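Each chain is listed here by its residues.
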Amino acid sequence: MTTTEQTPAPASATPAEREEIMTGCDAVAQALQLLDVDVLAGYPIRPYDSVMTAVSKMIANGQMDAEFIVAESEHSQFEIGKHASLVGARSFIGSAGVGWMYGMEALVVTASLRLPVVALVGNRALDDPGAFGVEHNDALMVRDTGWLLYWTETAQEALDMTLMAYRVAEDKRVMLPCALSMDGAFLTHSQHIVRVPDAEPVGRFVPPYELGDRQFHPDNPISIAPQFNEDWVMEARRQSDAAMRRARDVIAEATADFHRVFGRGPDDPFVESYRMEDAEYALIGMGTVGMVGKVAVDRMREQGKKVGFIRVKWFRPFPRPELRALLRNVKGVGIVDRDYSFGSNSQAGVMYTEIAAALYPEPRRPVIVPFIAGLGGREVSAENMAEMQEITEEVTARGEQDASCQWIGVRGPDTDPRYDANPQITEGGAR
Amino acid sequence: MSVGAVDITYRGIFQKNLAGVITKELVKASRRDEKVGGTVQRYGDSPERNGIPAKQFSVIADDMDELRVEMTKYEPENVVVVCVMDDTMCKGIESWAWYGVRPINLNLAPGGTLLVISRQSPDELLRWIPRRDHDWNLAILPGEPSFGGLWVYNDDGTDYRTMGAVSRVTGGLVALESLIAQAAGGADGELRASQLRDGYDSVTVHPVAAGVGAEDTYVPVEMPDWTQMREGLVIPAVERGKTNKLFMKYPTRTARPLVNFDTCVKCQICYTVCPDECFIPTPEGHYDIAYQSCCGCGICAQSCPVGGCIEMVSESVFDDNNQLYSLYESDKTAYEELREEKLEKAGGPIPHYGIY
Numbered sequence: 001m002t003t004t005e006q007t008p009a010p011a012s013a014t015p016a017e018r019e020e021i022m023t024g025c026d027a028v029a030q031a032l033q034l035l036d037v038d039v040l041a042g043y044p045i046r047p048y049d050s051v052m053t054a055v056s057k058m059i060a061n062g063q064m065d066a067e068f069i070v071a072e073s074e075h076s077q078f079e080i081g082k083h084a085s086l087v088g089a090r091s092f093i094g095s096a097g098v099g100w101m102y103g104m105e106a107l108v109v110t111a112s113l114r115l116p117v118v119a120l121v122g123n124r125a126l127d128d129p130g131a132f133g134v135e136h137n138d139a140l141m142v143r144d145t146g147w148l149l150y151w152t153e154t155a156q157e158a159l160d161m162t163l164m165a166y167r168v169a170e171d172k173r174v175m176l177p178c179a180l181s182m183d184g185a186f187l188t189h190s191q192h193i194v195r196v197p198d199a200e201p202v203g204r205f206v207p208p209y210e211l212g213d214r215q216f217h218p219d220n221p222i223s224i225a226p227q228f229n230e231d232w233v234m235e236a237r238r239q240s241d242a243a244m245r246r247a248r249d250v251i252a253e254a255t256a257d258f259h260r261v262f263g264r265g266p267d268d269p270f271v272e273s274y275r276m277e278d279a280e281y282a283l284i285g286m287g288t289v290g291m292v293g294k295v296a297v298d299r300m301r302e303q304g305k306k307v308g309f310i311r312v313k314w315f316r317p318f319p320r321p322e323l324r325a326l327l328r329n330v331k332g333v334g335i336v337d338r339d340y341s342f343g344s345n346s347q348a349g350v351m352y353t354e355i356a357a358a359l360y361p362e363p364r365r366p367v368i369v370p371f372i373a374g375l376g377g378r379e380v381s382a383e384n385m386a387e388m389q390e391i392t393e394e395v396t397a398r399g400e401q402d403a404s405c406q407w408i409g410v411r412g413p414d415t416d417p418r419y420d421a422n423p424q425i426t427e428g429g430a431r
Numbered sequence: 001m002s003v004g005a006v007d008i009t010y011r012g013i014f015q016k017n018l019a020g021v022i023t024k025e026l027v028k029a030s031r032r033d034e035k036v037g038g039t040v041q042r043y044g045d046s047p048e049r050n051g052i053p054a055k056q057f058s059v060i061a062d063d064m065d066e067l068r069v070e071m072t073k074y075e076p077e078n079v080v081v082v083c084v085m086d087d088t089m090c091k092g093i094e095s096w097a098w099y100g101v102r103p104i105n106l107n108l109a110p111g112g113t114l115l116v117i118s119r120q121s122p123d124e125l126l127r128w129i130p131r132r133d134h135d136w137n138l139a140i141l142p143g144e145p146s147f148g149g150l151w152v153y154n155d156d157g158t159d160y161r162t163m164g165a166v167s168r169v170t171g172g173l174v175a176l177e178s179l180i181a182q183a184a185g186g187a188d189g190e191l192r193a194s195q196l197r198d199g200y201d202s203v204t205v206h207p208v209a210a211g212v213g214a215e216d217t218y219v220p221v222e223m224p225d226w227t228q229m230r231e232g233l234v235i236p237a238v239e240r241g242k243t244n245k246l247f248m249k250y251p252t253r254t255a256r257p258l259v260n261f262d263t264c265v266k267c268q269i270c271y272t273v274c275p276d277e278c279f280i281p282t283p284e285g286h287y288d289i290a291y292q293s294c295c296g297c298g299i300c301a302q303s304c305p306v307g308g309c310i311e312m313v314s315e316s317v318f319d320d321n322n323q324l325y326s327l328y329e330s331d332k333t334a335y336e337e338l339r340e341e342k343l344e345k346a347g348g349p350i351p352h353y354g355i356y
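The listed protein sequences derive, respectively, from chains A and B.
The numbers in the first sequence follow this note's numbering, run straight up by one, and end at 431.
The numbers in the second sequence follow this note's numbering, run straight up by one, and end at 356.
The reader is advised that the hints may include incorrect statements.
Stated by the list, open to error - Non-contacting residues of chain A with respect to chain B, defined by C-beta distances greater than 12 Å in every case (computed):
1. 204
2. 221
3. 229
4. 240
5. 358
Said to hold, decoys possible - Subject to a maximum C-alpha distance of 35 Å in a straight line, what follows is the list of computed DSBU-like cross-link-like pairs (lysine-lysine):
6. B:266 - B:342
7. B:342 - B:242
8. B:73 - B:245
9. B:332 - A:172
10. B:342 - B:245
11. A:172 - B:266
These are calculated hints, taken from the structure and not from any lab test.
Note that the coordinates shown come from a computational prediction; the quantities given were computed from them, not determined experimentally.
Built from N, CA and C at the ideal position, the CB exists for glycine as well.
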């Protein structure tokens, strides 16, 4: 099916690519090999650790030349990645769920030191309970700290975006770390057909990593990460802010370059819009929800419903212009959060809060219906997506602008006065 | 004057309790004068390390709005008194934000009073205290610096004597009667009252005209804007063999190591253990000391295997941070005379310094 636009294949010969079947984690490992990553710091946790397995296998087979350091905890793992990046080594880290959280301090300083480390987050529910399945709260925990955040949908996208992540993160105008998110199980451990490019075009697309006068080296005596107080901190924050603002242009430029080098690539760098041209309704999700989202849209289109799907890809920088443009003419929007933010606006998820804020300046706002679905790895089906579309239509018909969040796929009633203490909260969204 | 601040500049940990009592009691007593007040702890690297200059100030105001404005500041507007709880801090303080060594009277309001607990004369203190371009007062409360510990209240009356002196030099920002009445509500009310009166009576005030005092070498640190700062929190490193001019550690010092080079066995232990890399090898294998960077921790003296070779000597008997090895090299007798003179003036070395 068509998306918003199709880029025609370039006239020149498409660079050599081989086709393989691999998991999302394997695809990232494949990209790391193509990128000639120097230092990989690992600490095992499901489901990210498949990358470690794939990388160590390639190193053992002589297919990859890199320092692969297994730390004693995620905190040390991320510190190793940070310090490697500081001395000019292209470095990679990754984790999942509470492992990502355990290294939080190291993640935060990696961003504030403006070091372009790339991480894979195999999205996993935060403990407790100790579940393996996907929730997006882990990666979202760094959303305010200067990490670039991207959510992948397929193994192909995982490979391509690993290349893109280094290209954008290492750009002099950006110099921020980038975390690629990948839904645990549904992408980390599912095999897709993937086109793997040659190393030569990859080298053209991602130039060598250069830190310039920030490189930590005996010949370049500098001091990094000082303690400094109120007279300096705001200026440092403002620099990170400027870097994140510049990232949008760099991403757009790099996406155009990706097309030139590989002869393929995404139409829009920031969001994927599916059958949105004449849509009156939109469902919005991230990660593998995109797959069932598009199926549900196809089915509903067959029934004559004017509905489209938007997949948010870059979450930082947040695709505010794209979302505002795409939602300008729709009547109702259903937002599928695979995360939670207990006690937040409308008791909804993180993405809802951000999209609602993005649409606030619009002169004409659609009805926005927040949903929470697929927590802890629960499957989100095309039927679930259709159900959410139905609710969105009903709420839109009633013109409710402050619909409260609905949980999809949870056992039990939508609301229960014995548990939902404040009836005013649940009233708005009661079906 | 409707709002005034009383700044207690003290030595971290050793005098934290002392500063806490003074600032708090001043505010409580001011309530009896129908004023409002609060205190602000200005901390550096936390917890304030041994000897690092730190400060806590009381703000005393006529109404709540005047108070609220001052309570969200690091540096209050109208500092009417700076109490210096150890006179060696008159050499300068380098503490809460690493802006280089700042004059002890930098933020003193015109006409304000620097109240120093000291056995020295005004002239002796003014060889350390930089001149200002306005008139101010130097008040001296006779006494020794009162050092305690983080968990220990050194009940030697310094706190109440200081409060009495503050009342006097401010002309009653907090009335002496109010302080006495406040103290009467607690234990040892009569003892506190006598200490308050003693401070009030024994403090001497000496007007200092604009331009009088030591040379002011303080240069405010440059503050680049966010487009001028290097990105990635990068700052130039201190060059090999040099020290950071903006991070002199000597104001932290209450005692300094003094070396008897004649007995030195050139074992290198001081050179190895010094956390601030203050020991400079000489061609003869001795170690000179860069006193500007020495925080006076005493680890060298503890580690020296030769009895009496490195000794910790009170900072109050020294006026500068000049390195001493060149004197030893050119005139061993003169050096030995200097060493003995300093030791005698200081009443001998401080035994077990830095051992807790």
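* Asked: Would residue 204 (chain A) pass as off the interface with chain B, using Cβ distances and a cut of 12 Å?
  -> 27 Å, holds
* To do: Take a quick look at whether residue 332 (chain B) and residue 172 (chain A) sit within 35 Å of each other, Cα to Cα.
  => 59 Å, violated
* **residue 358 (chain A) and chain B, when compared Cβ to Cβ, separated by more than 12 Å** => Holds, since 26 Å exceeds 12 Å.
* Given the hint that residue 73 (chain B) pairs with residue 245 (chain B), does the C-alpha gap stay at or below 35 Å? -> Holds, because 27 Å separates the two Cα atoms, which is no more than 35 Å.
* Asked: Is the straight-line distance between the alpha-carbon of residue 266 (chain B) and that of residue 342 (chain B) 35 Å or less?
  -> Judged against 35 Å, a Cα distance of about 23 Å means the pair holds.
* Asked: Far enough from chain B: is every CB of that chain over 12 Å from the CB of residue 229 (chain A)?
  -> 5 Å, violated
* Asked: Are the Cα positions of residue 172 (chain A) and residue 266 (chain B) separated by 35 Å at most?
  -> 50 Å, violated
* Asked: Straight-line Cα separation of residue 342 (chain B) and residue 245 (chain B) no greater than 35 Å?
  -> 27 Å, holds
* **Check on residue 221 (chain A) being off the interface with chain B, judged by Cβ distance over 12 Å** => Incorrect as stated: the minimum Cβ-Cβ distance to chain B is 4 Å, not above 12 Å.
* Under the criterion that the straight-line Cα-Cα distance not exceed 35 Å, is the pair residue 342 (chain B), residue 242 (chain B) satisfied? -> 28 Å, holds
* Outside-interface status for residue 240 (chain A) - nearest CB in chain B farther than 12 Å -> 9 Å, violated
Hints 2, 3, 4, 9, 11, counting from the list given before, are not met by this structure.
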